[in-house]
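A.B. asks: Oh and the sequence shown: position 413 is 421 in the working numbering, straight run, nothing missing.
Keep in mind that the hints were calculated from the coordinates and are not lab data. Quick caveat: nothing in here was measured; it's all calculated off a predicted structure. It cannot be assumed that every hint is accurate.
[To be verified] Within a straight-line C-alpha distance of at most 30 Å, the following computed DSSO-like cross-link-like pairs (lysine-lysine) qualify:
#	residue 1	residue 2
1	458	292
2	183	575
3	183	27
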Amino acid sequence: MENKKNTYTEDSIKSLDWKEHIRTRPGMYIGKLGDGSAKDDGIYVLIKEVIDNSIDEHLMGHGKTIKIKVRDHMVEVRDYGRGIPLGKVIDCVSKINTGGKYDSEAFQKSVGLNGVGLKAVNALSTKFHIESYRDGEIKHAEFKYGDNILDNNIERTEQKNGTYIMFKPDESVFKNYNYIPEYLEDQIWNYAYLNSGLTLNYNGKKYHSENGLLDLLESKTEPESIRYPIIHFKGKEIECSLTHTSNYGEEYYSFVNGQYTTQGGTHLAAFKEAIVKALRDFFKKDYDATDIRASIVGSVAIRVQEPVFESQTKTKLGSINISPKGQTVRSFVNDFVKKQLDNYLHKNPETADSIQKRIIQSERERKEIAGIKKLANERAKKAKLHNKKLRDCRIHYNDKRGDDEIKNNSMIFITEGDSASGSITKSRDVQTQAVFSLRGKPFNCFGHTKKIVYENEEFNLLQHALNIEDGLDGLRYNKIIIATDADVDGMHIRLLLLTYFLQFFPDLVKMGHVFILETPLFRVRNKKKTIYCFDENERNSAIEEIGKNPEITRFKGLGEISPSEFKNFIDDNIRLEPVILNKKSKINDLLKFYMGKNTPERQGFIIDKLRVEKDLIEIKE
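Work out the full structure: start from the sequences and follow the hints.
C.D. replies: The following block contains the structure:
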């Protein structure tokens, strides 16, 4: 007898309407969902999709101001472009593959080319409201989960031309989400840097840039750390800036048609290649590429006709050519950078001298540690075969094949001690969650050179586990999560690890890859209900909710949480605190204060901030 569950008939084939398809497979349209703790989480993509349309209007010469308001999960965007043609307002936000950008002549180099963006925002929102103002008339409509619940007739208005959109992301899709102000501010600034003459008003604050990518690099570097004034070039369809610093690592910001391509692509690869080629030709020396690019901070933005991205979220450019019949992206970027950089260095010999000194310094440092590096790498290769520190996962961020959403969810927990790593190892998802176990407190590497990364076995094994020795291109995990106890020792280990990352791999932090795992401090329960609490306020609320005689447990360490319980804290409901560098923060000053030898100064700071925790629980009769 045939098993009915496994029958494959006409009834097995389903056709979803547009909103059902988006809601069923949101990752296809906005990448990963997330709770807002990562820069590329879906809630930020929704905002981007709305603003991108306003940006495209600005690029076409319509509208110099965009107003953005984000409060209590509600997002509002008002532009002063031409406004959506009133008869097509409903279609543009609720009919898939409907848009005004399929004709390359109308929108030569826009971001939104597929007619999907606004529909995705609409389908994934509990409330979506749109108003289009055009030549003294207004059309407005309202939706819920993509369903049209209000369709007003065209009316007269005194409002200026443009579009107003208000939406609230669906909390059943984006669970426990919150917008992080620093991430939104970065997003707004990128729009300002890439669109000179545009003013963005975000929550009452104006964002405006006169000098484009020069301003961007100034905001990303510390004046005292740069080796020479920032070099800045601007062409018809390309703009770039670069400098060398005294820090370790390479740091790049790349854009296509105003879109921040966080994973680079053909344009960034060409930019990096062009810098190496231009400097080799100028100095007439075959310097090693790693020495040329060591400590570089650079930015490149290009405009491409009908760009091809490697995913719907447009984070990596796949286009080979600038336009369907134009030159390659590689030759376009190479030609521009080589010509401009060569001319600049001939006119600015002091800068050329500074660059050469930096290259020679990097070369010397590389050769000094070559011996110990070789031994350390051999040791790491042996350890790879039977590395007890690393319990790896099956899917990695740098895998060339596989689902982008799953790869983006790859993470590694850095834990202290066997008990904590044991709990995580037993409860983790082996597909995407790896565990690296520390022996104890890592070495304080502040003030040391990169030599210490190879001399210290633990640091070297961690570097190899992450695959970041030669930059972030091969990073194996999207999220690096520090999972330590919430006590003094745990906090100290956090600081020591952050010192390691900020000292030698600052771009990991700047690119939003480093997080702190939040785990519950208390468990409040009775026979019927269990509530996990992450702070004292949550504990007090839980006590009130449960009522008389609750059982209260204080978790002193991760090892005290059983694997069956731990699973609840690293699944879809995982709470992560991103490590964010404030725009005003200076890495060296931060590390010097917290990890340097300024003991009296630090002691005073600790005493001023000291809080005494009292476990006083009042149970109301």
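A.B. asks: For every hint, state whether the structure bears it out.
C.D. replies: Here is what the structure says about each hint:
With a C-alpha separation of about 29 Å, the suggested pair residue 458 and residue 292 falls inside the 30 Å cut-off, and the hint holds. The suggested pairing of residue 183 with residue 575 holds, with an alpha-carbon distance near 17 Å, which does not exceed 30 Å. At most 30 Å may separate the alpha-carbon atoms for a hinted pair to count; residue 183 and residue 27 meet this at roughly 19 Å.
Checked against the numbered hints given earlier, this structure breaks none of them.
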